[in-house]
Amino acid sequence: MALRPDLAIIAGAVPSGARALDIGCGDGELMAALRDKGVDARGLEIDPANVTAAIARGQSVVQGDANRDLADYPGDAFDYAILSQTLQTTERPDRVVDELLRIAPRAFVSFPNFAHWRIRLALLWGGRMPVTRLIPVAWYATPNIHHVTVSDFRDLLREKGIAVEAAWYLSGDKPTSDAAASWRAEHAIFLISRT
Amino acid sequence: MASLLHQIQHQSVTIAAPLPLDSGQILPSVTIAYQSYGTLAADRANAVLVCHALTGDQYVASDHPATGKPGWWARMVGPGKPIDTDRYFVLCANVLGSCMGSSGPASPDAATGAPLGMHFPVITIADMVRAQAMLLDHLGIDRLHAVVGGSMGGMQALAWTAHYPERLGSAIVIASAARHSAQNIAFHEVGRQAIMADPDWQDGQYYGSRRAPAKGLAVARMAAHITYLSEAGLTEKFGRRLQARDIKSFGFDADFQIESYLRHQGLAFTDRFDANAYLYITRAMDYFDLADAHDGRLAGAFTGAKDVRFTLVSFDTDWLYPTAESRRIVQALQSVGAAASFVELSAPFGHDSFLLDVPALDRLVAGALGSGG
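Note that the protein sequences, when read in sequence, are chains A and B. Per UniProt numbering, numbering of the first sequence is gapless, rising by one per residue and ending at 195. Per UniProt numbering, numbering of the second sequence is gapless, rising by one per residue and ending at 373.
The shape of chain B in the complex, shown without the other chains (with noise of 0.2 Å):
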């Protein structure tokens, strides 16, 4: 229940200055969940900022406080680890819009105390990059030695570099993209429809309602899952097996394993994810086209941009943001002389290989964030 979610409390600060917003609205005051790991160095020269996914929080190195699990980015963050916390002063913010304890539809409107519901303003990927940069000024960081971010991670490590260029020193951005296609678009219009269709929705005022939209919220997780997958892994994690049965039940139960395991999917996630930050953050990544400032040039968005080194790295099964994507940034880097690396890495998971197992991408990320800056 979204309810349960937001009783938890997080780390946070709330900065009293405005922030105008890509809508042309105002947030009066803006409040940032984050967590830190490491020690910010004397010159405070040792900042690495991780961005999270759309579902992702600023647990990356520890335990979730609604699921217990460990952090979504453990095996990358920590000690000794690529993203090395023993020498880095590692930050990862929950992004504006969410639900993990920064400013979002859950908050209180200023002038009733309501929950704002669909009043929170649409915000964009640039706004949540201003958010982390008021976040920074805060703590008196100036320059990040390096922003990481995977999928909508990536997407906010490249704003950052089209922003605020002056403040990087490299960029690590992986399985993402400079825009949000159709196709994209289409499966989020899918989760957001399943939400919205959902009678507990409430046009988005189901805070203090004892119904959440529950159902809807789950049914847009599972379309999302599966986009996170390859056909590939799929077929070997499931194939056409059934599910605790021998026999097809001619029903509609989850005959399939396939069936059982996105119904849990989608179930467990409506334990740590609130339905309206779902509409707002799909939202954001719709209308991320970095081109967009720049008559459809991207190379237009990169030309403060040549100080930074990027790394780009996609991954063979993942058609959600497919490597053409990547090459796509890499061209407009090269075109203004940018220092960039890209890899096509394989690995079997699809778009969520950036999250699992792949060794590559350790050793990547590990040289990556050692020669930046």
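Next comes chain A alone, as it looks inside the complex (with noise of 0.2 Å):
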């Protein structure tokens, strides 16, 4: 099964023989194919069937919660640590920010754009908010409690004084440009770094 886009992107984008931390990674897939290509992946996730799938699939992977458990962890364990598409789930995405370039130089950080055009017309038109393709559950039980655009996301790095190594907009599972993406941008993928 091909991996989703924004975790072909930075499994294309991960050097072999880094040492990653994948956070939130499901049940392994994107460490399978970091594995593949020889990065020493590790992976943190929450519910406990994915970590007992990832397991089962031979990947080192420790039931927990990006909220919390990123502090075990200590400063440049990694080369890189790997946030898809759960910012938006964590309690402060600021603070996670932080854990993920202190306990690796450099980090991937993926998200749904919230500004993306089709739900700026669900919300203008409909006045309801949107239930896409990527952000597939309706408001009252989604688990993304802070959703992000990508200027939000920009906005936020600056203030950090965090610098962005590069930076991929997906619409649909095409890559659309810099100066599009906040209203043409489905998925955004940063690599961020210390500056």
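Don't read these hints as lab results, they were simulated from the structure. One or more of the hints may lead you astray.
[Claimed, not checked] One-sided excerpt, in silico: chain A residues whose CB lies under 8 Å from chain B:
{"hint": "1", "residue": "P48"}
{"hint": "2", "residue": "V51"}
{"hint": "3", "residue": "I55"}
{"hint": "4", "residue": "A56"}
{"hint": "5", "residue": "Y73"}
C-beta atoms are modelled at their ideal positions from N, C-alpha and C, and glycine is treated no differently.
Using the hints, put the two standalone chains together into the complex.
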């Protein structure tokens, strides 16, 4: 099965031989791709069924909560921290970003862009919280408690003085430009680093 | 009766080399009883050591010689099972201090030939592991593909990672802890006092006397057995239901099903276990604290184990070795950068879940073994 497009981008961008922590690693799909290219990948995942599945696949995964348990990792324990489609579910995304760049000098952060034009239209015309491909759960049941836009995230990085080494924006499964990302990107992937 | 128990012949080796113990005493030679399953590969790289719990034994996947019951982990170990004996050479040794053929309090004194009883030295979990390493040396196995254990077996697996990390590919630690808590010690002390208060105990020299502290041992087992179960499990299984009667007797018979069940468990245990061995092994568990040798820093125990793959499993209803104890180990492992996996499984059976039907545990163990080493 093909990797989700954002995971494929991350898998392609982590160099072989690196140490990586995949936070919210699910059943270990990205970690399997990373392992195939020689990355020493570890995982953190909150759902025990997912953790069990990942361990059964031979992955090293610890059941834990990104809000709390990143503190257990020492500084610079990894070369890369990876947080894909999880930032918007954390209690304090700003503090999680700090933790990512404490345990690794570089981090991948990917999230659904809440400013995508379809979501803007859904709110503007329907007046209702959108249910889309990337945000598929109704407002009352969604784990996404901090919806974030590309512009919001760029602002947060600027405030914190965090560098953007690379960014990818996906519309559907296709890349879209930096300039149009704010309204055209369904999904954004940032590679950030300490300055 | 303990005397019948000690008449069983077990497969064992006696190694003439001395074993220095944590207590400072030295065992001049060591007898280790063990069972093995599967075939050791030509490169000797497929050995898996299974470590048994407090009252377990080496009959992990074969019928028990005293009770005739199937092995304690027959559901886990065998051809095509999670610990697959078609792939792995599975070894299970009776721990030092036990009563199923390994050196223990029933062993004869070299000078007099009489059973040692309480003259057997106090042993530790690390001593048990040193004896296992001697067995591996004897069998010509330098390195284990994996060491696997639940409860006290998990403590041995952890001790392996601390003392012989270079001899291990991976360690699978189930429903266990890196130390005994005050509560754990307290329950064990109840059991020991029950044994030592039994007049038939005779300061441990009961072996030739035709009397054995069966009542004390049964009470010890009853107290311990409660700690192996969960309240929800007990309520579901027994509730307040009465045993073979419709009304309360207003006496001290086993009115309640749970009483009758515990009495049965306690008595049945005395057919397959020796009271002195129970004293020694519970003491070894109470002394266990992996952080001891590292100024109380658990991470210090794992600094040599960065290349060992760890898999830890706890159960949400286990209050004897609760999830927090496994988490403590995971945190220590993460702080030294060891490859650690951890999950808390949901199961209704309390601490005993590691012995019972929990399919997720089977998948985990198979997966963790397949990726180890």
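Verification of the supplied hints:
1. Nearest Cβ of chain B to the Cβ of P48(A): about 5 Å, under the 8 Å cut. The hint holds.
2. A hinted interface residue such as V51(A) counts as satisfied when its beta carbon comes closer than 8 Å to some beta carbon of chain B; here the least separation is about 4 Å, so the hint holds.
3. Checking I55(A) against chain B: minimum C-beta separation of about 5 Å stays under 8 Å; hint holds.
4. A least Cβ separation of about 3 Å between A56(A) and chain B falls short of the 8 Å threshold, and the interface hint therefore holds.
5. The beta carbon of Y73(A) comes within 5 Å of a beta carbon in chain B, closer than 8 Å, and the hint placing it at the interface holds.
When held up to the earlier numbered hints, the structure conflicts with none and fits them all.
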